[in-house]
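Whole structure, please, built from the sequences with the hints as guidance.
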Amino acid sequence: MTTQGIWRPDFFAEAREIDQAITTADQPSYKRLASPAAIRRMSRGMKMGMHAAQQALGETAVTVPDAIITGTGLGCSEDSDKFLRSMWENDEQFLTPTSFIQSTHNTVAAQIALQLSCKGYNVTHVNGASSFESALLDTLLLLTSGEHKNVLLGGIDEIAEQTYAFLQSAGYIKADGVRETVKNSLSPGVNYAEGAQFFSMGVDQTETSYGEIVDVALQNELDIPEAGSFLQDFLTTNDIQPTAIDAVILGYNGDENDDLFYNALQQELPLATPLYYKHLSGQFDSCSAFGLTAAAFILKYQTIPPVLYWNEKNPAKTTWKNILIYNHYRGKDHTLVLVRAC
Amino acid sequence: MSSGSIAVTGIGLISSIGSTVEENLQAIVAGKHGLSRVVNFPTRLREYIWVGEIKRSNDQLSENLDLLRPHAFTRTGLLGAFAARQALKSANINDVNQLRTGFISSTSVGGMDYTERYGSTYLTSSEWHRYIPSHSAGDSSHKIAKYLGIKGFVTTVSTACSSAANAIMMGARLIHAGRLDRVIVGGADALSKFTINGFHTLMILSDEPCRPFDKQRKGLNLGEGAAYLVLESQKSVKQGSKNVLAYLTGYGNANDAFHQTASSDDGEGAFLAMKKALAVAQLRPQEIDYVNVHGTATPNNDLSEGRAMQRIFKNEIPSFSSTKPFTGHTLAAAGAIEAVYSILALQQNLVFPNLHFNTPMEEFDMIPQTTVQYRSASHVLSNSFGFGGNCSSLIFSKA
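Line by line, the protein sequences are chains S and W. Those letters in the first sequence? Residues 1 to 342, by this note's numbering. Those letters in the second sequence? Residues 1001 to 1399, by this note's numbering.
Calculated directly from the structure, the hints in this document are not laboratory data. Take the hints with a grain of salt, since some may be wrong.
Straight-line C-alpha distance at most 30 Å; calculated DSBU-like pairs for lysine-lysine [stated by the list, open to error]:
id : chain 1 : residue 1 : chain 2 : residue 2
1  : W       : Lys1055   : W       : Lys1089
2  : W       : Lys1089   : W       : Lys1238
3  : W       : Lys1146   : S       : Lys332
4  : W       : Lys1151   : W       : Lys1238
5  : W       : Lys1218   : W       : Lys1275
6  : W       : Lys1055   : W       : Lys1218
7  : W       : Lys1275   : S       : Lys149
8  : S       : Lys332    : S       : Lys321
9  : W       : Lys1398   : W       : Lys1314
10 : W       : Lys1275   : W       : Lys1314
11 : S       : Lys332    : W       : Lys1398
12 : W       : Lys1151   : S       : Lys332
Derived Cβ-Cβ restraints for the label pairs, each shown as a range [said to hold, decoys possible]:
id : chain 1 : residue 1 : chain 2 : residue 2 : range
13 : W       : Glu1023   : S       : Lys300    : 55 to 65 Å
14 : W       : Pro1070   : S       : Arg330    : 43 to 53 Å
15 : S       : Gln241    : W       : Gln1060   : 22 to 32 Å
16 : S       : Gln205    : W       : Asn1097   : 35 to 45 Å
17 : S       : Lys149    : W       : Glu1127   : 52 to 62 Å
18 : S       : Ser187    : W       : Arg1069   : 29 to 39 Å
19 : S       : Leu186    : W       : Glu1023   : 52 to 62 Å
Note that CB positions come from ideal geometry on N, CA and C, so glycine has one too.
Following this line, the structure appears as structure tokens:
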């Protein structure tokens, strides 16, 4: 569930570049999700998350996953903002519980568990831009330890008026009215959005599989000169040469300081076709899940949607086997994900 | 002892009953709880509730941590850094990056304690803008990791009141998977008007010091605090000739899938979590010597948890008590604070008292330990259950 609408065959073909400071997800009708009364009470994140989760499971034979793991940077901000504003306006009086109850970060994961009657392992990771990869690593640990056959994994972050207004005033999000894209970004801040990306992850390959997660690495901080060794260590651990990486999906978001890390990584992978996605997804803590979606699409359909090309360096390749995804935000929460065709 | 045991080589904590492990232990043995009225910030609810508040101001904590001002730590980060530093010292770690060392923290409040304080000025003045990025849960983990000098794997778990237990579990699994040699795990939460008012609207705050597992229990007392454990692989322990304080031998996470805030009547989530933990530890229920229950003293939790314990232990319920009457319910940090207490129980061979207990619940025949009891313990089970049906159980065993 993203600014580009829900996942569908023409997802990338129909994708349009974002050029506003804050872009909402293109939400469908949620009629089939729950009763109208229940839907009214749900925050954006909850609706997006539940819809995306249902869609992910719908592509598989799994009805109730063994575990549910989510990653979110700001959690249920809408309800959080609501309760906080109410507290300020009424000076701690006349408060109602609903928005407080729904403000805990694990609410989306909990609601999905409730809806599916899933009593398995359930955890929410909340660590800025590596929230999703933290959840992905947790998923990998569960699946490789042998106790679980499938895991429902998701990344969710929602637009909340007050929280986003604060981030704008801090210069993290561009000002309202600024019309710039990732590539022609000049003003401070980046274009933000929201979204929910869910993946059904399993131990075994199936007919509907998109690709295979090989490994995930997280690091809280890096200096630019260290980006190279962060990458090298990761590749060495996974016994893969830099030359074997067919494409590298980078988190360019319009911040020229952040760009330096992505440029550095590109230098280390001269044969990999550079791709980007935040011009479609917008920036939010768990948006790197969109990068994984892009990788999954490429591995399954063995073609790169032109809208993802970072530059003219896009040689035609016969097979797309190994794809690396690299992301960070303001120099923190660096993550590397290696995916492979299966 | 299963081959999957992870060594605990360091512990650190700060709670309303003490700023060191030693102080906490002394207070527990003396039966002195840390509940009081809210003093650190003004709130309409002051005269109605009791809290486990740490009587140190943010300025005092900042001084103690030698932080250069102006800084952007909120109280959650300050408490966390305080406890994490203690844990590292306790584990005799001088060069934190010498081995592959990670940090997994947890919090539910995050920087909300400052957002609620300064947020209404953000759009009109830039005076407090440095706290805007401090709002998110991951930020305090970042700040604590940086304070400790950790450059590597850092992440944050947030599953309400079971958060720290899940952080501890994830740390253990990363060591098992050979991805880390050692990891500092735990959580921190500061008191805030947001949580005080939130719980108040749910009508589960007691207007007296809480009485877990008592027929007349009226609800919980909130608390604040932070605690961290240092977990190390066998190899890391040998390499550093480390003193092992206890072993983390079992862990389990399950979801009640019943209701967003209430627990199921038969305590299914709690039952499954405890069952999983016992399976990982390869222990039979009878081998558990003491259970540090979640025991928030809400009518719902204690009934649900009690039922789950009956299903696990049948007629042989081990000694059990809730330490929340001492510290208050420290939310995300609870799982870690109580993990430290579980380790103390093993080291000191004692079972902690469940304060304020008077009348047994009608629904079953379960009476908590009400006095300090010295008895040998080999295995301790610690429960942490949170909103969203998140149930987590940890088992610690004697070193």
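Status of each hint after checking the structure:
Using a Cα cut-off of 30 Å, the hinted pair Lys1055 of chain W and Lys1089 of chain W holds, with the two alpha carbons roughly 23 Å apart. With a C-alpha separation of about 18 Å, the suggested pairing of Lys1089 of chain W with Lys1238 of chain W holds against the 30 Å cut-off. Restraint check for Lys1146 of chain W and Lys332 of chain S: satisfied, since their Cα atoms lie roughly 11 Å apart, inside the 30 Å limit. Of the supplied pair hints, the one linking Lys1151 of chain W and Lys1238 of chain W holds, its CA atoms being roughly 23 Å apart against a limit of 30 Å.
For the hint pairing Lys1218 of chain W with Lys1275 of chain W, the CA-to-CA distance comes to about 29 Å; that is within 30 Å, so the pair holds. Distance hint between Lys1055 of chain W and Lys1218 of chain W is fulfilled; the C-alpha atoms sit about 25 Å from each other, no more than 30 Å. Simply put, Lys1275 of chain W and Lys149 of chain S have alpha-carbon atoms about 19 Å apart, close enough for the 30 Å limit, and the pair holds. A C-alpha spacing of about 29 Å is found between Lys332 of chain S and Lys321 of chain S, which places the hinted pair at or below 30 Å, so the restraint holds.
At roughly 24 Å between alpha-carbon atoms, Lys1398 of chain W and Lys1314 of chain W fall within 30 Å of each other, so this suggested pair holds. Under the criterion of a C-alpha separation no larger than 30 Å, the hint pairing Lys1275 of chain W with Lys1314 of chain W is consistent with the structure, at around 13 Å. This hinted pair does not check out: Lys332 of chain S and Lys1398 of chain W have alpha carbons roughly 39 Å apart, beyond 30 Å. Straight-line distance between C-alpha atoms of Lys1151 of chain W and Lys332 of chain S comes to about 11 Å, which keeps the hinted pair within the 30 Å bound.
For the hinted restraint 55 to 65 Å between Glu1023 of chain W and Lys300 of chain S, the CB-CB distance of approximately 58 Å keeps it satisfied. With their beta carbons about 19 Å apart, Pro1070 of chain W and Arg330 of chain S fall outside the hinted range of 43 to 53 Å. Take Gln241 of chain S and Gln1060 of chain W: their Cβ atoms lie about 54 Å apart, and the range 22 to 32 Å is violated. As the Cβ distance of Gln205 of chain S to Asn1097 of chain W is approximately 38 Å, the hint placing it in 35 to 45 Å holds.
For the pair Lys149 of chain S and Glu1127 of chain W, the beta carbons lie near 53 Å from each other, so the given range of 52 to 62 Å is met. The hint said 29 to 39 Å for the Cβ distance between Ser187 of chain S and Arg1069 of chain W, and at roughly 31 Å that hint holds. Distance hint for Leu186 of chain S and Glu1023 of chain W: a CB-CB separation of about 55 Å, consistent with the stated range 52 to 62 Å.
Going down the numbered hints, you'll see the structure goes against 11, 14, 15, while the others check out.
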